[in-house]
Amino acid sequence: GENVEQHPSTLSVQEGDSAVIKCTYSDSASNYFPWYKQELGKRPQLIIDIRSNVGEKKDQRIAVTLNKTAKHFSLHITETQPEDSAVYFCAASLNKFYFGSGTKLNVKP
Amino acid sequence: GAVVSQHPSWVICKSGTSVKIECRSLDFQATTMFWYRQFPKQSLMLMATSNEGSKATYEQGVEKDKFLINHASLTLSTLTVTSAHPEDSSFYICSARSTDGADYEQYFGPGTRLTVT
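Chains as they are written, first to last, in our numbering: chain A, 1 to 109; chain B, 1001 to 1117.
Simulated from the structure, these hints should not be mistaken for lab results.
Every residue, glycine too, gets a C-beta built ideally from N, C-alpha and C.
A couple of the hints might just be wrong.
[Stated by the list, open to error] The following residues of chain A were derived to be distant from chain B, with all beta-carbon distances above 10 angstroms:
(1) V13
(2) G16
(3) A29
(4) V54
[Said to hold, decoys possible] Straight-line alpha carbon distances no greater than 27 angstroms define the calculated BS3-like cross-link-like pairs of lysine-lysine that follow:
(5) B:K1041 - A:K22
(6) A:K96 - A:K68
(7) A:K108 - B:K1041
[To be verified] One-sided and incomplete, this derived list gives chain A residues near chain B with beta-carbon spacing under 10 angstroms:
(8) Y32
(9) Q38
(10) G41
Start from the sequences and build out the full structure, keeping to the hints where you can.
Listed below in structure tokens is the structure:
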């Protein structure tokens, strides 16, 4: 099955700085890569996604890049704000969804 | 649109009893639903894929006789934790894939916190 690895496990940045979270996947057949934000005790919320036929996607302060050859994808958050503090999960999917281990992002005001 | 509900939101049961968790797609039909388990400060672990009208597909290491899944209609899947034990205490989350949406979209339920005493 698919194996998704995510780094770092924790990330602390100053408000206004950028944050980058990286994931790798093992199954080259995976074709969909979403990123979720999860606050404590709540459901994951989709924040951005990318399909395998696209190399980069941007939505305001959030961007995702995908390198199919290397089988890795990254989440970039610019101009971070305290409300960005949460746990972020990457996932890789063909039909099923497999999640990374999560990154706890702390944005210090 | 694309709302998924779960019931109950939390449940406490005694060791040895069974607990049923419902996952409903409220405004769309879902041929496929997924069940995940999430331990504190850990990731979502896919337990099984539930397809309407057929048997669920379980991930390796997940006991199908312990975690019974039924997907009887296009809007309802149930997960029954049988003979629950304290180690089954966890946050259980379902997600649903729309029959009309892109084949890569899934919508999460709010989760069910199970505590086994």
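Quick rundown of the hints versus the structure:
no.: 1; hint: V13; verdict: holds, 20 angstroms
no.: 2; hint: G16; verdict: holds, 27 angstroms
no.: 3; hint: A29; verdict: holds, 13 angstroms
no.: 4; hint: V54; verdict: holds, 12 angstroms
no.: 5; hint: B:K1041 - A:K22; verdict: holds, 19 angstroms
no.: 6; hint: A:K96 - A:K68; verdict: holds, 18 angstroms
no.: 7; hint: A:K108 - B:K1041; verdict: holds, 20 angstroms
no.: 8; hint: Y32; verdict: holds, 4 angstroms
no.: 9; hint: Q38; verdict: holds, 9 angstroms
no.: 10; hint: G41; verdict: holds, 8 angstroms
Violated hints: none; the structure is consistent with every hint.
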